[in-house]
Amino acid sequence: MNSKILVAGLIGSVASLLLGYLFYGTLLAGMLAEASMPGTQRAMTEIQWPFLILSNLASGYFISYLFSKWANITTFSNGLNAGATIGLFVGCIYNFTYYAVTNMMTLKGHLIDIVTTIVITGIVGGLVGWWLGRGK
Amino acid sequence: LYNFKGIYFFSLQKTKRMNSKMLIGGVLGGITLFLLGWLIYGVIFADSMAGQACMRAKDDLNIPMIAVGNIISGLLLGYIFSKWASISTFMGGAIGGAVIGLLMAAGFDCLMYGTTTMVDGMKGILIDVVISTIMYAIAGGVVGWWMGRK
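Residue numbers (the numbering used here), protein chains in the order written: chain A, 1 to 136; chain B, 1 to 150.
These aren't lab readings, by the way, just hints derived from the structure by calculation.
Here a beta-carbon is modelled for each residue, glycine too, at the ideal position from N, C-alpha and C.
Be aware that one or more of the hints could be misleading.
Stated by the list, open to error - Okay, the calculated bits of chain B under chain A, using three or more residues with CB under 8 angstroms as the criterion:
id	segment
1	68-81
2	99-107
3	112-124
What the hints assert, rightly or not - Far from chain B, some chain A residues (derived; all Cβ distances over 10 angstroms):
id	residue
4	Ile5
5	Thr45
6	Thr74
Chain A on its own, in the form it takes in the complex (with noise of 0.2 angstroms):
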């Protein structure tokens, strides 16, 4: 894995991180919280910050590991359709199992979660295919 690589899933990372916050502990917050079923969300002086440090990184690292290896991605809105498509799928699986065994959420919460992650995996796609593409 050369640095190129590494940074472009850094970059993701901290993309991810920063519009997570955005979307899920501002905009959406309200929403989310009315949707999802009591004492299963974390309050936000509880929330596992390592934790969260450490899924953005696997998610951003994921996009890279993608898009370098296999689908030679090297532009922004070539990294953003791919993203969004990759968001899509995963928003997708994630969703509809979790509705399937747990209540922790209403079938509104999982819709809003997976248009969410669209938004937010084709933006991080953007900038990982942007990073890869740069000086080339």
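Starting from the known structure of chain A, arrange chain B on it as the hints suggest.
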């Protein structure tokens, strides 16, 4: 013009064949994940899964929705293997599937532990990441094998 039409025709045929191969491969991967998930989460680890307050009771599980989630997982593997990775062997698919399963599960389990009260600490994360990696490796192997079939 004739040659152009011929190339277009064969290109279209190839695309159709690739799409149907990807779809069938994805469904096969989804069925594999569904059966493995039933065996591992529904039978072997059934007791440890039942402790959470927000888990649905066994007779309240939405099985069709679980199946849809698994088919979409299989289609994700089929999409990546056919469109991007050109994977067409069981072993290549198993390795690709393991990488995808590892990164997706690590990301999602850490997210769930970081923001909800549903995951049972590091032990819960590690067990689920290992299980997901194994499940996706086997499903990836099946999808990869199907992609390489003539």
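Task: Hint check, failures only - done: none
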